[in-house]
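Enquirer: First to last, the sequence lines map onto chains A and B. First residue of the first sequence: 20, per this note's numbering; consecutive thereafter. First residue of the second sequence: 98, per this note's numbering; consecutive thereafter.
Keep in mind that the hints were calculated from the coordinates and are not lab data. Incorrect hints may have been included.
With beta-carbon atoms standing in for the labels, derived distance ranges [to be verified]: (1) Gly154(B) / Ala119(A): 56 to 64 Å; (2) Val180(B) / Asp219(A): 39 to 47 Å; (3) Asn248(A) / Val172(B): 53 to 61 Å; (4) Val172(B) / Arg142(A): 33 to 41 Å; (5) Glu145(A) / Arg346(B): 21 to 29 Å; (6) Val194(B) / Asn248(A): 38 to 46 Å; (7) Arg149(A) / Arg264(B): 21 to 29 Å.
For the chain A half of the interface with chain B, some residues (derived, Cβ under 8 Å), not all of them [unchecked claim]: (8) Leu91; (9) Tyr115; (10) Phe117; (11) Ala121; (12) His168; (13) Arg186.
All values derive from a computational prediction rather than experimental measurement. Beta carbons: idealized from backbone N, C-alpha and C, even for Gly.
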Amino acid sequence: MVGETRKVQAPGIANPSAVSLEDATVAFPLEDGRVYSAVEKVRLNVQHGEFVAIVGPTGCGKSTLLNVVAGLLKPAGGSVRIFDAPLHGLNRQAGYLFQADALFPWKTALDNVAIGLEIAGVRRAEALERAQNFLRSVGLGTFAGRYPHMLSGGQRKRVGLAQVLIRDPRILLMDEPFGPLDAQTRQIMGDLLLKLWSADRKAVLFVTHDLEEAIALADRVVIMSAGPNSRIIGEWPVPLARPRDILEVRMERDFHVLHREIWSVLKQEVTRGYAQSAQPGAAA
Amino acid sequence: MNRAFLLFLQLLVAIVAIVVWHVLTTVPLFGRILLPPFFFSNPIDVASQIVAWFVSGTIWKHLSITLVESMLAFVIGSLGGVVVGFWFGRQPRVAAVFDPYIKMANALPRVVLAPIFALWLGLGIWSKVALGVTLVFFIVFFNVYQGVREVSATVLDNGRMLGMSERQLTRHVYWPSALSWMFSSLHTSVGFAVVGAVVGEYLGSAAGLGYLIQQAEGIFDVAAVFAGMFVLSAFVILIDLGVTAIERRLLAWRPEGAGTH
Numbered sequence: 020m021v022g023e024t025r026k027v028q029a030p031g032i033a034n035p036s037a038v039s040l041e042d043a044t045v046a047f048p049l050e051d052g053r054v055y056s057a058v059e060k061v062r063l064n065v066q067h068g069e070f071v072a073i074v075g076p077t078g079c080g081k082s083t084l085l086n087v088v089a090g091l092l093k094p095a096g097g098s099v100r101i102f103d104a105p106l107h108g109l110n111r112q113a114g115y116l117f118q119a120d121a122l123f124p125w126k127t128a129l130d131n132v133a134i135g136l137e138i139a140g141v142r143r144a145e146a147l148e149r150a151q152n153f154l155r156s157v158g159l160g161t162f163a164g165r166y167p168h169m170l171s172g173g174q175r176k177r178v179g180l181a182q183v184l185i186r187d188p189r190i191l192l193m194d195e196p197f198g199p200l201d202a203q204t205r206q207i208m209g210d211l212l213l214k215l216w217s218a219d220r221k222a223v224l225f226v227t228h229d230l231e232e233a234i235a236l237a238d239r240v241v242i243m244s245a246g247p248n249s250r251i252i253g254e255w256p257v258p259l260a261r262p263r264d265i266l267e268v269r270m271e272r273d274f275h276v277l278h279r280e281i282w283s284v285l286k287q288e289v290t291r292g293y294a295q296s297a298q299p300g301a302a303a
Numbered sequence: 098m099n100r101a102f103l104l105f106l107q108l109l110v111a112i113v114a115i116v117v118w119h120v121l122t123t124v125p126l127f128g129r130i131l132l133p134p135f136f137f138s139n140p141i142d143v144a145s146q147i148v149a150w151f152v153s154g155t156i157w158k159h160l161s162i163t164l165v166e167s168m169l170a171f172v173i174g175s176l177g178g179v180v181v182g183f184w185f186g187r188q189p190r191v192a193a194v195f196d197p198y199i200k201m202a203n204a205l206p207r208v209v210l211a212p213i214f215a216l217w218l219g220l221g222i223w224s225k226v227a228l229g230v231t232l233v234f235f236i237v238f239f240n241v242y243q244g245v246r247e248v249s250a251t252v253l254d255n256g257r258m259l260g261m262s263e264r265q266l267t268r269h270v271y272w273p274s275a276l277s278w279m280f281s282s283l284h285t286s287v288g289f290a291v292v293g294a295v296v297g298e299y300l301g302s303a304a305g306l307g308y309l310i311q312q313a314e315g316i317f318d319v320a321a322v323f324a325g326m327f328v329l330s331a332f333v334i335l336i337d338l339g340v341t342a343i344e345r346r347l348l349a350w351r352p353e354g355a356g357t358h
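Pulled out of the complex, with its shape left as it was, chain A reads as follows (with noise of 0.2 Å):
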């Protein structure tokens, strides 16, 4: 049923890709004059309402990845479509959660996930009551007026994320967002992003190295090779159903399967990343 539908709708009109990347090239001119060239030839397919992980090892240009998808970094090759129109400056379709803490210091809970609604031109007031909806939503309501520097590491991640989808973007993306917490903490924010995202389905790119956590999140697991001219080197699809219970998931037999095919392949990888990553001459 599903296979037929999509035969009928012709690809690229009538459901555009969210995201469409198309052999897209990230290369940065190095100090001594050459180029090091991070990413190369990706190309890469976000469906509307997918939830995509991407994993590599460490250095491989994930994040680069993500920048492009953002607007904040151009490629130096191929093309970047957003819902089938060509990417100019920013991605203004686009909600991106950071790797480092990204919250302003100087502004209480409240004010950091009203503030996208206020540059919006959404009156203080109505925006200030939405944002403590979203905080309750997050699990931080009675936490609406500590500054950043107040919360743990995890309820600046909850902010963050509150931060994020209040101004309802159709594309979600998120760089590590959970790296830097602990395991416990990791599979409560996987949860509650999975309950926030079950509502509506945003088109989610989700970096991480933590393939676990990929096959969890994810509908569809993409593999990148180690750096330099990083590269996606296979893609699967995970055949998990949902609504999922990450603590749960992680029990099936499916989910074992999946996890040990895609690891037979990311080893190798890691192994290599971490080889070039001890040469004093990786970026050649």
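We have chain A; now place chain B onto it with these hints.
Expert: Chain B only, in chain A's frame:
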């Protein structure tokens, strides 16, 4: 250490110092007085001088003059520093052009400017204000400039991704960051405003704490010099307490906001 005990120890230091001073200047040890009272006065003379000033009320005029000069120097210097620092921070090319001149001006000992200001602005309060401004301006300028440039790249990217225009970035990101740096230097800049005012008075004026000290020195009235110094110190401590209270409010969002003491 609890507060009362700490206060007790702090007072003890003052009492011991005063007692030692008193003994050395009034009681003969080993057949002679170790610190000649002509050069070192003694605590009782100094205290009675201070009391006399406050009883007669003459001190209030000098205190208020110095206070007005310091506050004007602080406000004008800070405004200038914020405006120029912010401008340079946002316009790196302008900053690069003016960089050597800023460094030159800052390296100049401000005392040498005092005669110029006295010539230009007369012996009234404005020549003292000008001297204070040259001190305050650079502290605020460097802090604001740094504050604008040290905005975290991630926070900026976040602002952009949340849809901020350049103007909104200025208002919601650069501005608060620059001001926080300025506020964190409040103690220093207020202190320098007072220094500018007092040094200016000392070098030529008709009123103010600096004038009081300079006049006493002119007639070798060491007790009055010390008395002037003590009044000045108490004045600075009072101002500093005020600054701390303001800082607590303004920098509540900073992890170490109230921790300057």
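Enquirer: For Asn248(A) and Val172(B), compare the CB-CB distance with the range 53 to 61 Å and indicate the outcome.
Expert: Check passed, 58 Å falls within 53 to 61 Å.
Enquirer: Holds or violated: is the Cβ of Ala121(A) closer than 8 Å to a Cβ in chain B?
Expert: holds (4 Å)
Enquirer: Take a look at whether the Cβ-Cβ distance between Gly154(B) and Ala119(A) falls inside 56 to 64 Å.
Expert: holds (60 Å)
Enquirer: Taking the Cβ atom of Val194(B) and the Cβ atom of Asn248(A), is their distance within the range 38 to 46 Å?
Expert: holds (42 Å)
Enquirer: A range of 33 to 41 Å was offered for this pair. Does it hold for the Cβ distance of Val172(B) and Arg142(A)?
Expert: holds (34 Å)
Enquirer: Please test the hint of 21 to 29 Å on the beta carbon pair from Arg149(A) and Arg264(B).
Expert: holds (23 Å)
Enquirer: Does the Cβ distance between Glu145(A) and Arg346(B) fall inside 21 to 29 Å?
Expert: Given about 28 Å between the Cβ atoms, the range holds.
Enquirer: May I ask you to test the interface hint for Leu91(A) with respect to chain B, counting a Cβ-Cβ separation under 8 Å as satisfied?
Expert: Cβ of Leu91(A) sits 6 Å from chain B, so the hint holds.
Enquirer: Measuring from beta carbon to beta carbon, are Val180(B) and Asp219(A) in 39 to 47 Å?
Expert: At roughly 46 Å between Cβ atoms, Asp219(A) and Val180(B) fall inside 39 to 47 Å, so the hint holds.
Enquirer: Quick check on the hint: Arg186(A) CB to chain B CB, less than 8 Å?
Expert: Check passed: Cβ of Arg186(A) comes within 7 Å of chain B, closer than 8 Å.
Enquirer: Identify whether the interface hint at Tyr115(A) stands, where standing means a beta carbon of chain B within less than 8 Å of its own.
Expert: holds (4 Å)
Enquirer: Tell me if His168(A) is really an interface residue toward chain B, meaning its C-beta lies closer than 8 Å to one of theirs.
Expert: Status holds, d = 4 Å.
In terms of the numbered hints stated before, the structure departs from none.
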